[in-house]
Amino acid sequence: MLDISDLHVSVDSTEVLHDINLHIGQGETHVLMGPNGSGKSTLLKAVMGFGGYTITAGSIIFKGTDITNMPIHERAHLGIGMMFQHPPAISGLKLGKLLAATSHMGEDAIEALAQSVNMEHFLARDINVGFSGGEIKRSEVLQLKVQQPDFIMLDEPESGVDLENMNLMGKEIAGLLEKDVHIVNRRRSGLIITHTGYILDYLEADQGHVMIGGQIRCHGNPREILRVVKEKGYGECLRCKQI
Amino acid sequence: MQTDITDMEHLSTEDRERLALTGLEVGMQNRCGSFFQIDQKVVQTTCGAEGIEMLPIKVALEKYDWMKDYYWNAVSKDKDKYTQYLARQESPQGLVVIAHEGVKVAMPLQACLFLREEPVQHVHNIFIAREGSEIHIISGCASSWQKEHGAHIGVTEIYVGKGARVTSTMIHNWNPGISVFPRSATIVEEDGIFLSNYVCMQPVHQINMYPTARLVGKNAVARFSSIVVATPGSLLDLGSRAILGAEHTSAELITRAITTGGTIISRGHILGEKDNTRGHIECKGLILKDGIIHAIPEIEGTLTGTELSHEAAVGKIARHEIEYLMARGLSEEEATATIIRGFLDVKISGLPAVLQKQIDAAIDKAESGF
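Taken in order, these protein sequences are the chains called A and B.
Note that this note's numbering gives residue 87 to position 87 of the first sequence, counting from 1, and the numbers run on in steps of one.
So the number in this note's numbering is just where the residue sits in the second sequence, counting from 1, plus 1000.
Since the hints were derived computationally from the structure, they do not count as laboratory data.
Please read all numbers here as calculations on a predicted model, not as lab measurements.
Quick reminder that beta carbons are idealized off the backbone N, C-alpha and C, glycines included.
Keep in mind that the hints are not guaranteed to be accurate.
Have a look at the derived ranges for each label pair, beta carbon to beta carbon [said to hold, decoys possible]:
| hint | chain 1 | residue 1 | chain 2 | residue 2 | range |
| --- | --- | --- | --- | --- | --- |
| 1 | B | 1360 | A | 235 | 56 to 66 Å |
| 2 | B | 1210 | A | 213 | 57 to 67 Å |
| 3 | A | 14 | B | 1149 | 51 to 61 Å |
Reference listing, derived: stretches of chain B covered by chain A, where coverage requires no fewer than 3 residues with Cβ under 8 Å from a Cβ of chain A [unchecked claim]:
| hint | region |
| --- | --- |
| 4 | 1320 to 1332 |
| 5 | 1336 to 1342 |
So that you can see chain B by itself, here it is in the shape it has in the complex:
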């Protein structure tokens, strides 16, 4: 265990607020563990939950020989130039979480990655949930309020063991000049459940990511939910992919996208390659001000026993919905905001109340800008 609270205390009020929006609880209320990395420096790693280990990746690689089986396994080193860049680093930073067999913790663990001064922050995270375990991880990624340019490159490899359940909630809060390249992949074994939630409501230069879940064991389930807003000048090229690689697996990819002038490319791909598999992609987009929402849902089946579907809709708020609320006494602006709030209200099942609150807070904060 390593703690260095000094650096956190030195954060400016503005930065503390930005971090709080991504879910960082400096006081650790409602958190059972915490990891905090500023630029390339790990300033806090602490975990109070029995049966859960949180370690900086360097420590984990030294401590456990078997860690190498998980390091660069779900994500390939040669996937693209960003993974190659990360693989070249002599001193990898990032977080490893290990939930030991049967350990279930309802209280979330927090991982906070903060880009403050350096041009590039790189992280490599590995989350391992052993058989029958259950963990919730909230990853908050943010840049300092005065950071104008920079890049964040992150690899996250998640391993959901037999009957395990992992909820990964990621909230981004960048600046208009920051480029972000997360590269994530998850492997889900028999009866495992992987829930991924992603929220990005604040301006950013560019985000490019396409996390993949490979369902390799029977009855495995993956669900990706994304709530994103593209402000003018933001390019969000986002997607998620699920590979139904075992019988009775299922996946759902849900996106709510709003543009107020930026560009959103919302990709999705489900590959059904085993019998009795099901997958569904749902992308709904609202164009509030002229911008681009480009939905590219792909469903690919390779045999008769798979059932895949998708629905995508892009447009403006229906006039008759606004007028319905106006007839009840709301002004046009109030009616519009009320409908947008509802639009973003994706029901995320199995999410602890504290995490739902965090997501709601991020949405409420952004909503005041519509």
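Pulled out of the complex, with its shape left as it was, chain A reads as follows:
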């Protein structure tokens, strides 16, 4: 589904990501861990195509298409979706209007999806304006449910979410990633940035990666990586040189 090869990314002329290689197959969910400022969000934004994240070398191939220099919305049309950690608040733009503008769904279908994440009363509200942490996440999940991307990047889905919302979020994200579908038939893939690993209480991830200093330093079983990080911190990963 996604093939990132020898990717180098600069922000403000400073290289932030160095020689990233990552392969995510169809139906796979990967987890990306790493200390603050290590470049995890930068990787997601570079894959989405945001301005300010300059790819100086390497390539990003999605479903066989080279998207390295493709505009953001074309990547979205190809099937890439993203849950933002800090989405902008846009006054005057109603959540319901945005959902209608970005899909071919009718009002009723959107309303039903909104109800599924307790957001039906937010459709007439300005997007993210005055939303709480949990509401922002639910709004993001709702947008993804409407968009139906094949590959979903989630930037810290647990942050700022209380326990009750976490339960809802976890189940909804598992749904977006087709965790209810048998692994053989599962089409959707995901890449999740997590610090706490709470999301793993709701879904199984196939692979884990640790990013440190703009490099992916280790790959392996996500739960095992999480356990090591919890016990020993990221110092252990720094010492581990396997790439």
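Since chain A is already given, all that's left is putting chain B on it; use the hints.
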């Protein structure tokens, strides 16, 4: 009552469209009264609402002796050369609306001022809302599509009585060679509410206005909302002023300004001179193409019991907002238009749905040009 539909029927299709954009319903659907002045000729005055009178100003001055107390009262004759020009006119034209005590009409009255052939159109309007009454007035001002040069000078005096509520919505639709000088003032008595909405999204040579609301009775409220676009060659020198002249009065001045190459001077002034008064000025400007937006918010307090604030921001659309919408599949142009539409979406509380629709239509029409 005076109607002369013939002139309206003689309007060209282009002019009818221009007038429709300013809110003129020729068929009077969703309107309870109508006044239509072409150049200096009043071609229609009709009102079907009980307890509401709509009269040409000449008729009103002859009919009611007390009208002279309202004529040149809120606005001074000697305010500037434009008011002086109007005061010199022997044959004043314009509209008088009188809402009698306790009469509440949700359906708007329309007043349409159309500049077609003459070099200068001048009007003098007086709106009087007696105690406990409620009226909505939509004033559409436009020039004929083939009118290249001209000027519109208008004085509007509005009197909001005790506990009365007046909503005045004005939509302008001029041409690149037209200069416009409205001079308006409103006096709001105890518990009265005055809501003023102004929309100008089409090219014009120059608009210069600074309407003032004087809140003279306790608990009086004034709110001015303006949505304006300056195209290349347009100079919009706009402002609004509120004088909090009684206890517990409050005012809000809200502006959304966009330039696509023209100049906007957005003034605002709130004077708090009594205890327990509140005022807020909000001006947001978007510079889409190089042009000028100059926000001049002034707040002036003269005692400890007044609370005044202002916020002003001028700039371009934030890149991360555009990219957020692009990540959901909108192209850059679609994302930009969507954000601009939201930017212009000022929530005007208490506005009848038909008027909100009219404002939305004016914005939608302009939006296609961004």
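Hint check:
1. Between residue 1360 of chain B and residue 235 of chain A the beta carbon distance is about 59 Å. The supplied range of 56 to 66 Å therefore holds.
2. The hint said 57 to 67 Å for the Cβ distance between residue 1210 of chain B and residue 213 of chain A, and at roughly 59 Å that hint holds.
3. A C-beta distance of roughly 57 Å is found between residue 14 of chain A and residue 1149 of chain B, which places it inside the suggested range of 51 to 61 Å.
4. Taking a C-beta to C-beta cut-off of 8 Å, the region 1320 to 1332 of chain B contributes 12 residues in contact with chain A, enough for the three needed, and the coverage statement holds.
5. Restraint check on the region 1336 to 1342 of chain B versus chain A: 4 residues with Cβ-Cβ distances below 8 Å, three needed, restraint holds.
Checked against the numbered hints listed earlier, the structure breaks none of them; every hint is satisfied.
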